[in-house]
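Q: Letter by letter, the chains look like this.
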Amino acid sequence: MQLNFSIYRYNPDVDNAPRMQDYQLEVEEGQDMMVLDALIALKEKDPTLSFRRSCREGVCGSDGVNMNGKNGLACITPLSALKGSKIVVRPLPGMPVVRDLVTDMTQFYTQYEKIKPFLINDDNHAPAREFLQSPEEREKLDGLYECILCACCSSSCPSFWWNPDKFIGPAGLLHAYRFLADSRDTAADERLSDLDDAFSVFRCHGIMNCVSVCPKGLNPTKAIGHIKSMLLKRAV
Amino acid sequence: MVTGQASLKRNGVQDFVTIRATAIIMTAFSLFMGWFFICTPEVTYAIWHDLFSGLAMKVFTFLTLVSIMFHVRIGMWQVLTDYVKAPGLRAFIQFVLNLIAFVYVVVGLFVLWGV
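First to last, the sequence lines map onto chains A and B.
FYI, the numbering for the first sequence is 1 to 236, going by my numbering.
FYI, the numbering for the second sequence is 1 to 115, going by my numbering.
If you are wondering where the hints come from, they were derived from the structure by calculation, not from laboratory data.
Among these hints, one or two may not hold up.
In silico contact screen, one side only, chain B against chain A (beta carbon under 8 Å); selected entries [what the hints assert, rightly or not]:
{"no.": "1", "residue": "Arg10"}
{"no.": "2", "residue": "Gly12"}
{"no.": "3", "residue": "Asp15"}
Distance condition first, Cα-Cα at most 25 Å in a straight line; then the derived DSS-like pairs of lysine-lysine [unchecked claim]:
{"no.": "4", "chain 1": "A", "residue 1": "Lys216", "chain 2": "A", "residue 2": "Lys233"}
{"no.": "5", "chain 1": "B", "residue 1": "Lys85", "chain 2": "A", "residue 2": "Lys114"}
{"no.": "6", "chain 1": "B", "residue 1": "Lys85", "chain 2": "A", "residue 2": "Lys166"}
{"no.": "7", "chain 1": "A", "residue 1": "Lys140", "chain 2": "A", "residue 2": "Lys114"}
{"no.": "8", "chain 1": "A", "residue 1": "Lys86", "chain 2": "A", "residue 2": "Lys70"}
If you want the ones that stay clear, here's a sample from chain B, every Cβ over 10 Å from chain A, calculated [unchecked claim]:
{"no.": "9", "residue": "Asn11"}
{"no.": "10", "residue": "Phe16"}
{"no.": "11", "residue": "Ser53"}
{"no.": "12", "residue": "Lys58"}
{"no.": "13", "residue": "Val66"}
{"no.": "14", "residue": "Ala91"}
{"no.": "15", "residue": "Phe92"}
{"no.": "16", "residue": "Val103"}
{"no.": "17", "residue": "Trp113"}
No experiment lies behind these values; they were computed from the predicted model shown.
Glycine is no exception: its CB is placed at the ideal position from the N, C-alpha and C atoms.
Construct the entire structure; sequences and hints are all you get.
A: Shown next as structure tokens:
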């Protein structure tokens, strides 16, 4: 069985403009494989093809790409899940391309840094050994801490495409709420003050592209809704 | 984190609330007008005139026009900051659109005043 691929190619050192290159891959009849495995097989035929990958099991978040128009992790997306006679693979949209499927994620990480992604605790009576949480307090972090920062969500968000320097983006905001919801964190007010402007949070119009593409099944829109509610409660 | 200067001193929470509050008023007016057209078999000039003669209807209509102005002002600012990146052009389009929204309210006020 022959599989047809169309892959985005761009090497700024050589190419004047990006182009789509067709590839064919022979696989056994009825055999399925992940997109990453197919890319690795294609790279054996064409070593100039560039993409990021590391854990190859959906944990590191390195191989976020756009497959047949939808962002996802190549390592956990089976070819059988992609419809159509040709599999089109492009880099994550809205991000500068370094080479082929490798994007420059500087702006994404800059926004992530802004939300102070670490626990802040200024409590003078901090416990000597460890902060204890009740099962209910711990449960509030479910659906938030699992984010692996693959950028599939932020790069599928038009608000992030248009204002990547001002809008935190769904991934950053999911992490922001992860710390706002943490019972051990004492900097909620400071965190909310940092987010209280017309762009950082409120550029999310709730179109839920982030929810649709998240390979971990998380819901950044819901987390953003909680942040908006917290900002609202603080203001009224 | 985004300075006031970078967002024309717009306030996110205030815009968020204003957009929703004005949307409620506009929706209520649309539903009321829809209900009026459904319940009125034939809309004659006299019936139309009577509808807008009452003070409550005048206030409701004016409130809706003002709501549209605020809604448009915030909505267009959001759309323009997304799609028009040249500051000069964006400021010009914003000025024209805000002017049109204001004219819309003033014309509406005079029309209501004349009923």
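Q: If a hint holds in the structure, say so; if it doesn't, say that too.
A: For each hint, the structure was consulted:
{"no.": "1", "hint": "Arg10", "result": "holds, 4 Å"}
{"no.": "2", "hint": "Gly12", "result": "holds, 4 Å"}
{"no.": "3", "hint": "Asp15", "result": "holds, 6 Å"}
{"no.": "4", "hint": "A:Lys216 to A:Lys233", "result": "violated, 30 Å"}
{"no.": "5", "hint": "B:Lys85 to A:Lys114", "result": "holds, 23 Å"}
{"no.": "6", "hint": "B:Lys85 to A:Lys166", "result": "holds, 13 Å"}
{"no.": "7", "hint": "A:Lys140 to A:Lys114", "result": "holds, 22 Å"}
{"no.": "8", "hint": "A:Lys86 to A:Lys70", "result": "holds, 14 Å"}
{"no.": "9", "hint": "Asn11", "result": "violated, 7 Å"}
{"no.": "10", "hint": "Phe16", "result": "violated, 6 Å"}
{"no.": "11", "hint": "Ser53", "result": "holds, 37 Å"}
{"no.": "12", "hint": "Lys58", "result": "holds, 30 Å"}
{"no.": "13", "hint": "Val66", "result": "holds, 21 Å"}
{"no.": "14", "hint": "Ala91", "result": "holds, 16 Å"}
{"no.": "15", "hint": "Phe92", "result": "holds, 19 Å"}
{"no.": "16", "hint": "Val103", "result": "holds, 26 Å"}
{"no.": "17", "hint": "Trp113", "result": "holds, 35 Å"}
Of the numbered hints stated above, those contradicted by the structure are hints 4, 9, 10, listed in ascending order.
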